[in-house]
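So the protein sequences, as listed, match chains U and P.
Heads up: the first sequence at position 345 corresponds to 345 in this note's numbering, and the numbers run straight through without jumps.
Heads up: the second sequence at position 186 corresponds to 589 in this note's numbering, and the numbers run straight through without jumps.
It is possible that some hints are incorrect.
Claimed, not checked - On the chain U side, residues computed to face chain P include the following (Cβ under 10 Å):
| no. | residue |
| --- | --- |
| 1 | E89 |
| 2 | C147 |
| 3 | L321 |
| 4 | V324 |
| 5 | A327 |
| 6 | I329 |
| 7 | G349 |
No lab work stands behind these hints: they were computed from the structure.
It should be emphasised that the depicted structure is a prediction, and the values quoted were computed from it without experimental measurement.
In this text, a Cβ means the ideal position worked out from N, Cα and C, and glycines have one as well.
2 protein chains.
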Amino acid sequence: MAVRLEPPDPAALHPVPGVELGIAMAGVKKANRKDVLVVRLAPGTAVAGVFTRNRFCAAPVVLAKKNIRNTVRALVVNTGNANAGTGKEGLKRAGAVCAALASLLGCKGNQVLPFSTGVIMEQLPEAKIMAGLPAAISDLKPSNWACAAEAIMTTDTVAKAASRMVELSTGVATVTGIAKGSGMIRPDMATMLGFLATDARTSKSDLQRIARKAADRSFNAITVDGDTSTNDAFVCLATGKGPVARSLKDKDLLAKAITEVAQVLAQAIVRDGEGATKFVTVTVEKGRNEAECRKVAYAIAHSPLVKTALFASDPNLGRILAAVGYAGIADLDTSKVDLYLDGVLVAKGGARYSGYREAQGAAVMKQPEITIRVRLNRGRAAATVWTCDFSYDYVKINAEYRT
Amino acid sequence: MAVRLEPPDPAALHPVPGVELGIAMAGVKKANRKDVLVVRLAPGTAVAGVFTRNRFCAAPVVLAKKNIRNTVRALVVNTGNANAGTGKEGLKRAGAVCAALASLLGCKGNQVLPFSTGVIMEQLPEAKIMAGLPAAISDLKPSNWACAAEAIMTTDTVAKAASRMVELSTGVATVTGIAKGSGMIRPDMATMLGFLATDARTSKSDLQRIARKAADRSFNAITVDGDTSTNDAFVCLATGKGPVARSLKDKDLLAKAITEVAQVLAQAIVRDGEGATKFVTVTVEKGRNEAECRKVAYAIAHSPLVKTALFASDPNLGRILAAVGYAGIADLDTSKVDLYLDGVLVAKGGARYSGYREAQGAAVMKQPEITIRVRLNRGRAAATVWTCDFSYDYVKINAEYRT
Chain U
1 MAVRLEPPDP
11 AALHPVPGVE
21 LGIAMAGVKK
31 ANRKDVLVVR
41 LAPGTAVAGV
51 FTRNRFCAAP
61 VVLAKKNIRN
71 TVRALVVNTG
81 NANAGTGKEG
91 LKRAGAVCAA
101 LASLLGCKGN
111 QVLPFSTGVI
121 MEQLPEAKIM
131 AGLPAAISDL
141 KPSNWACAAE
151 AIMTTDTVAK
161 AASRMVELST
171 GVATVTGIAK
181 GSGMIRPDMA
191 TMLGFLATDA
201 RTSKSDLQRI
211 ARKAADRSFN
221 AITVDGDTST
231 NDAFVCLATG
241 KGPVARSLKD
251 KDLLAKAITE
261 VAQVLAQAIV
271 RDGEGATKFV
281 TVTVEKGRNE
291 AECRKVAYAI
301 AHSPLVKTAL
311 FASDPNLGRI
321 LAAVGYAGIA
331 DLDTSKVDLY
341 LDGVLVAKGG
351 ARYSGYREAQ
361 GAAVMKQPEI
371 TIRVRLNRGR
381 AAATVWTCDF
391 SYDYVKINAE
401 YRT
Chain P
404 MAVRLEPPDP
414 AALHPVPGVE
424 LGIAMAGVKK
434 ANRKDVLVVR
444 LAPGTAVAGV
454 FTRNRFCAAP
464 VVLAKKNIRN
474 TVRALVVNTG
484 NANAGTGKEG
494 LKRAGAVCAA
504 LASLLGCKGN
514 QVLPFSTGVI
524 MEQLPEAKIM
534 AGLPAAISDL
544 KPSNWACAAE
554 AIMTTDTVAK
564 AASRMVELST
574 GVATVTGIAK
584 GSGMIRPDMA
594 TMLGFLATDA
604 RTSKSDLQRI
614 ARKAADRSFN
624 AITVDGDTST
634 NDAFVCLATG
644 KGPVARSLKD
654 KDLLAKAITE
664 VAQVLAQAIV
674 RDGEGATKFV
684 TVTVEKGRNE
694 AECRKVAYAI
704 AHSPLVKTAL
714 FASDPNLGRI
724 LAAVGYAGIA
734 DLDTSKVDLY
744 LDGVLVAKGG
754 ARYSGYREAQ
764 GAAVMKQPEI
774 TIRVRLNRGR
784 AAATVWTCDF
794 SYDYVKINAE
804 YRT
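Same shape as in the complex, but just chain U (with noise of 0.2 Å):
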């Protein structure tokens, strides 16, 4: 029961000259399911990623973060199995699928980019990906980002993709993403992946700086239900073919188009929240640094009793702000602090506002899509994440997932 999320229109979907998709069926845990993907990439192409931050690192993330840092010709991507919690025979079979996949599109094992989404703590099935791998390059095409898109889902309901033509002072350029998840993340049906290719040149130093940047104001502003996965990766691919974004303002035209698609994934990524029926947007405005804005959004957007009033379209106000008290700001004057819902005042100073009337709150919690806004009042900062509600759908899919 995704919140207003629509499958991609494939034609909606720009192809971005210097990559290539191919799909396969390879059984990796269920027979007759899309669920490899390989990305060919043009000689040349920049490659810059973000992966999670979690201690316990999956095989292929480990992998990729050491590949990166060579010429990536390719990605190779499986669902069904994540990879994760598998030990040194995990880095073993990672390796051995993208040794397999270089022998097929002549390059070298480490120029190979892998990743994975599914079960945890079981070894991945390599012989069956690597059986996989040369139908999925009979299918490479630049057209087929839909189908990738369907590809890397797992528990996802919608598939995630996005597009944006750019005008740059060199030329129009393309940016098309796609993204997998289904809450925030859950470590056993690991994770939210996110894949965005532009035709643009740029060098790969700015496209990691524009990748960071991208990932912070979008799939790191991102809450389901708070977890970290083992397996989070984005990766953003530069091709080259099209127009040089080499100007300090066409820079910026090709970060924003970016940060724009990545954002669209990334609410895709909650609107697609297990069991959401809410889309809520969290918020905080005027406070001293982005950091400490980030702390009390996400603060409200973890809240399990502001996530479970959501769900009951319940205005219960005292949570949010209890929710702001406890966001670990130690000097916060609570007494200067305003909370809109939409575009209604409800507390000012701290305290209930006196012309604020339930009836107005009702009315706002009822949509499908909120806005929770706060204003601390002591400085100029703001940062903004996006979370859904809780449900009881939250629970049944979480407890009943492996059984």
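On the provided structure of chain U, position chain P as indicated by the hints.
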């Protein structure tokens, strides 16, 4: 559906010489409900307190933190209204209740500590409470602990009280306490209150040290939903009518008894946690220091994924290891981490233990009480927290609370 929690046997709650308790039905929120508790203290009673760190502090907490510096002669507690998020008017009303009690007992208003629990962001019906004080005063007696435990309940399903005798070198001292709380907190039925008294004679500064330490090992070591309320308070009273605790050994014995009673009360709150079907002890051992052990223990205890797996009796180990991984220990070597469910070794060196069989884990998970034990193997410190599972009923209780 509390987990293995029985109402206290009044005969097992030893009176504490120097402490009298009186209860009234003041109709604060509902008629015919015990909702006001007055505690009168003998002159010379030492009083120590540990209060919420939420920046949105309720009016009674603000006042209690101030008045505790004086010679405290009485406590007054009401349920039905938390007097939180009520601004200056809330402070005025809390002060009025203290003044009214003081004039009836022949002391000063600033010698009274007020406590409130119930709905937040509504003004305290102080006139009703004041009108109930004479009845509470005429009910004052040392044997009233069981009634007092009932009088402070809000959504608790079982009253919470505990009592111990402890033999000091100077004689036998009594320690008796009561608490309320159901859910670590729910800000709108705020929250956790604990009152503990002993007849031992001890200095205020010793008592404060003991109270802080006991709180850290009890009320500050439990979590139901991770939220911190606006009204949390734990108060320790030492009347000095019994044996003196002067030697280091006697102080230690007294601290141990107080900690024990506080732990029974704190664990009772978890057992009575909203929707709880499991009582879970999370112990993290062999860490570098207690702080990092607590971090890891809380990451596990707060994870909605771990909690729903506990509800489902699903030995979903990956979720526990993933929580260890994101707990925030930057230099954690995950290849050294061991995980036990009760006595069963499930993960060794960061990966599934070869001798582990899922049937073993499933057998542990079926029990109403479970211990999750993590060994970090990088030091000698340890920490324990107690929590419960996350069930359909948690969502139900919190989604439907105000409807």
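We went through each hint and held it up to the structure:
Taken as an interface hint, U:E89 checks out: its beta carbon lies about 9 Å from the nearest beta carbon of chain P, inside 10 Å. A hinted interface residue such as U:C147 counts as satisfied when its beta carbon comes closer than 10 Å to some beta carbon of chain P; here the least separation is about 29 Å, so the hint is violated. With a least beta-carbon distance of about 5 Å to chain P, the hint placing U:L321 at the interface is held under the 10 Å criterion. Of the supplied interface hints, the one on U:V324 holds, with its beta-carbon coming within about 7 Å of a beta-carbon of chain P, less than 10 Å.
Given hint, U:A327 at the interface with chain P, holds; its Cβ is 8 Å from that chain's nearest Cβ, closer than 10 Å. For U:I329, the interface hint holds, since its Cβ comes within 10 Å of a Cβ in chain P; the closest pair sits about 7 Å apart. Residue-level restraint check for U:G349 holds (minimum Cβ-Cβ distance to chain P is 7 Å; threshold 10 Å).
Comparing the model with each earlier hint shows a violation of hint 2 alone; every other hint is respected.
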